[in-house]
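A.B. asks: Please build the complete structure, drawing on both the sequences and the hints.
So the protein lines, in turn, are chains C and L. Following this note's numbering, the numbering of the first sequence begins with 733 at its first residue and continues without gaps. Following this note's numbering, the numbering of the second sequence begins with 94 at its first residue and continues without gaps.
Take every hint as true, because none was put in to throw you off.
Label pairs and their calculated CB-CB ranges:
hint: 1; chain 1: L; residue 1: A188; chain 2: C; residue 2: P797; range: 50 to 58 Å
hint: 2; chain 1: L; residue 1: K159; chain 2: C; residue 2: V875; range: 34 to 42 Å
hint: 3; chain 1: C; residue 1: F746; chain 2: L; residue 2: Y454; range: 55 to 63 Å
hint: 4; chain 1: L; residue 1: T190; chain 2: C; residue 2: E787; range: 53 to 61 Å
hint: 5; chain 1: C; residue 1: R844; chain 2: L; residue 2: E158; range: 38 to 46 Å
hint: 6; chain 1: L; residue 1: E181; chain 2: C; residue 2: F746; range: 55 to 63 Å
hint: 7; chain 1: C; residue 1: V875; chain 2: L; residue 2: E181; range: 25 to 33 Å
hint: 8; chain 1: L; residue 1: T190; chain 2: C; residue 2: P922; range: 53 to 61 Å
hint: 9; chain 1: C; residue 1: E787; chain 2: L; residue 2: K159; range: 46 to 54 Å
hint: 10; chain 1: L; residue 1: F476; chain 2: C; residue 2: I785; range: 36 to 44 Å
For the record, the hints were derived by calculation from the structure and aren't laboratory data. These numbers come from a predicted model, not from an experiment. Backbone N, C-alpha and C define an ideal beta-carbon position, used for all residues, glycine too.
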Amino acid sequence: MDSVLTVNSLTMNFGGLRAIDSVDLEVRQEEIVALIGPNGAGKTTFFNCLTGIYEPTEGDIFISPTPGGRRRINGIKINRIAEMGIARTFQNIRLFSNMTVLENVMIGRHCRAKAGVLGAVLRGRKTRREEQEIVDRSYEILVRTGLADQADEPAKNLPYGAQRRLEIARALATEPFLLLLDEPAAGMNPRETDELEELIVRIRDEAKISILMIEHDMRMVMSLSNRIIVLDYGEKIAEGTAAQIWENPVVIKAYLGEDFQGDA
Amino acid sequence: MKASEEFKKSFFISLWFMLLTFPILVIRVNTIEKVVEWRWRNMAFIGIGSFLLSFVWRRLLSRKEKGRQPAETGNVETLPLGRRLLAEPRIYRPALTALALFTIAFPLLFSSYQTNIMTTALIYVMLGLGLNIVVGLAGLLDLGYVAFYAVGAYSYALLNHHFGLGFWTILPVGGLLGALFGILLGFPVLRLRGDYLAIVTLGFGEIIRLILENWNAFSFGPSGIANISRPGLFGISMTLNEATIYIYYLMVALCLFTIFVVNRLQDSRIGRAWIALREDEVACQAMGIDKTRTKLTAFALGATWAGMVGVIFAAKTTFINPASFTFMESAMILSIVVLGGMGSIMGVILGALILILTPEYLRAFSAYRMLLFGTAMVLMMVFRPQGIVTNIRRVYRYGTKGKESRPAQA
Ligand SMILES: Nc1ncnc2c1ncn2[C@@H]1O[C@H](COP(=O)(O)OP(=O)(O)OP(=O)(O)O)[C@@H](O)[C@H]1O
Ligand SMILES: [Mg+2]
Numbered sequence: 733m734d735s736v737l738t739v740n741s742l743t744m745n746f747g748g749l750r751a752i753d754s755v756d757l758e759v760r761q762e763e764i765v766a767l768i769g770p771n772g773a774g775k776t777t778f779f780n781c782l783t784g785i786y787e788p789t790e791g792d793i794f795i796s797p798t799p800g801g802r803r804r805i806n807g808i809k810i811n812r813i814a815e816m817g818i819a820r821t822f823q824n825i826r827l828f829s830n831m832t833v834l835e836n837v838m839i840g841r842h843c844r845a846k847a848g849v850l851g852a853v854l855r856g857r858k859t860r861r862e863e864q865e866i867v868d869r870s871y872e873i874l875v876r877t878g879l880a881d882q883a884d885e886p887a888k889n890l891p892y893g894a895q896r897r898l899e900i901a902r903a904l905a906t907e908p909f910l911l912l913l914d915e916p917a918a919g920m921n922p923r924e925t926d927e928l929e930e931l932i933v934r935i936r937d938e939a940k941i942s943i944l945m946i947e948h949d950m951r952m953v954m955s956l957s958n959r960i961i962v963l964d965y966g967e968k969i970a971e972g973t974a975a976q977i978w979e980n981p982v983v984i985k986a987y988l989g990e991d992f993q994g995d996a
Numbered sequence: 094m095k096a097s098e099e100f101k102k103s104f105f106i107s108l109w110f111m112l113l114t115f116p117i118l119v120i121r122v123n124t125i126e127k128v129v130e131w132r133w134r135n136m137a138f139i140g141i142g143s144f145l146l147s148f149v150w151r152r153l154l155s156r157k158e159k160g161r162q163p164a165e166t167g168n169v170e171t172l173p174l175g176r177r178l179l180a181e182p183r184i185y186r187p188a189l190t191a192l193a194l195f196t197i198a199f200p201l202l203f204s205s206y207q208t209n210i211m212t213t214a215l216i217y218v219m220l221g222l223g224l225n226i227v228v229g230l231a232g233l234l235d236l237g238y239v240a241f242y243a244v245g246a247y248s249y250a251l252l253n254h255h256f257g258l259g260f261w262t263i264l265p266v267g268g269l270l271g272a273l274f275g276i277l278l279g280f281p282v283l284r285l286r287g288d289y290l291a292i293v294t295l296g297f298g299e300i301i302r303l304i305l306e307n308w309n310a311f312s313f314g315p316s317g318i319a320n321i322s323r324p325g326l327f328g329i330s331m332t333l334n335e336a337t338i339y340i341y342y343l344m345v346a347l348c349l350f351t352i353f354v355v356n357r358l359q360d361s362r363i364g365r366a367w368i369a370l371r372e373d374e375v376a377c378q379a380m381g382i383d384k385t386r387t388k389l390t391a392f393a394l395g396a397t398w399a400g401m402v403g404v405i406f407a408a409k410t411t412f413i414n415p416a417s418f419t420f421m422e423s424a425m426i427l428s429i430v431v432l433g434g435m436g437s438i439m440g441v442i443l444g445a446l447i448l449i450l451t452p453e454y455l456r457a458f459s460a461y462r463m464l465l466f467g468t469a470m471v472l473m474m475v476f477r478p479q480g481i482v483t484n485i486r487r488v489y490r491y492g493t494k495g496k497e498s499r500p501a502q503a
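C.D. replies: Right under this line is the structure:
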């Protein structure tokens, strides 16, 4: 299958700290790839580089939203990258908490609409049609993500698990080809995690969206991902299927620590 | 908190106050008779007074805490009374009609002095609505808003003075210049937020005022510009009284226009982007919203109204000087927005009317004006930080829901 995201020797320095050290990564069409690693390994930083929040120090990021439409996105502004079709969720939930659930998703549709100041004031037929389309599409996404009942609720009133799902819904509204999920199951109970797993699979199968996710819940990582990539201290230390990863001594060392081996 | 606990705390606070004020309020050395007077009565007053105040304060605070916990939503029955009344057509229709009639009849019912005051209040309504875009919707704390007001006023005064251009020509020009200056301010502060933004905008406001004050050749300095023409009406000549009434109606019309536009902006793709930007800048950009553009539109569209009102202000007073555009004005307009309720049109209107009209009609207390004002603001921030009128998020029509509406509190 074609790759939708190709990252070549990506490096990110914060002053003297090398948060990501020459990492290669590829996500192919309709693939679910998991990015794992201990705390502080640089996973979120990697996402921030992909979405334009940080400009990588070195390396290249290429995307191919359509087969053959390959382009380099280093240093492009955050909102332009979102427009190009990379959407993400945040590890520390960043919803628009005083807006309603529906409005949160509507913001996701912002970049797919056009109405400007004049359109807003005159509110002609075109603007009204566009607005209604935003509402309808957003509502549809809420139905698909199981949040339709809370559409008019302020986002901050949602329970934690639902807030995480709303982040996904909002990201889906931008019509991405690649969805980046930063610890989507964090803080969820087992039932919510199961529902989330099912949702992620559905997103890939129905919407044909490729997924790159950071996750600490190993059960979920094992059951969902086609491929797993392990980061430690900014370096990629392993890549492979679930079985390969867990037999890899380097990974075990990274997770259990140097001392553990030394003492044992 | 339990009542007994509150009681105890208040008791200790009053003890503390009695101790603190003991040296100045109780002991008095009478230097003539060379005796020390012990004014125990003062101590009793302080004790009882501080006890009661602290008790009431705690009560209110704990009530507020309680009110916050169960986040009641959705149900129409649980909405505050004001909202329920407003949602009822049988009530708000006649109320609106009455309000409209009152507004129209105002200059006929009251003296031209009163009309003038009302015009001033309307000027602040418009300023508040403009600043509300920047502060209330987009969440950009702008402490130099008065600069745009000054730009509008001076553009009319100068163009009128030098070229004899009329009010109606300059009104849109004032708006455009306001917008231009809004963008001018917007560019350097794009990356700033919160306190930093506040400081820079404050500086911007002061710079504009200082330029007007010191660049004599351009702005006539502190002595200002006099004999500015009043707004014309097809060349009809008007007496002072008629002109006052005319400007009043003009202001009413402009306010309605502002409300109309701001309301539409608020309920649009752009308005939502502003609010999202206020809520979370990074998430907002990650959803594909252009931060630069969105912020600049907010600055420009906010400043437009100030520019336009500035023109009216100059035409109304026929004399302007930099003293009308001090930081106090910015603070006043900001208070209107904050007191009324950030992001709420209704709130801003109420805020402006209260803050501008109350001091006019409470002249008896004019010595305590700032004190009352300060107290009101502090109380407001503690007990109702969202302002008089809470902004309700709009409810959209979608799916099978059709016309049924269910407001959600924001
Ligand atoms: N803006 C920044 N400036 C300086 N250092 C940073 C910055 N962002 C991240 N870092 C550092 O980069 C390293 C990687 O952080 P990152 O948040 O990417 O880890 P992570 O793998 O997502 O960890 P976790 O599992 O805890 O979320 C950390 O040492 C962190 O302190
Ligand atoms: Mg992280």
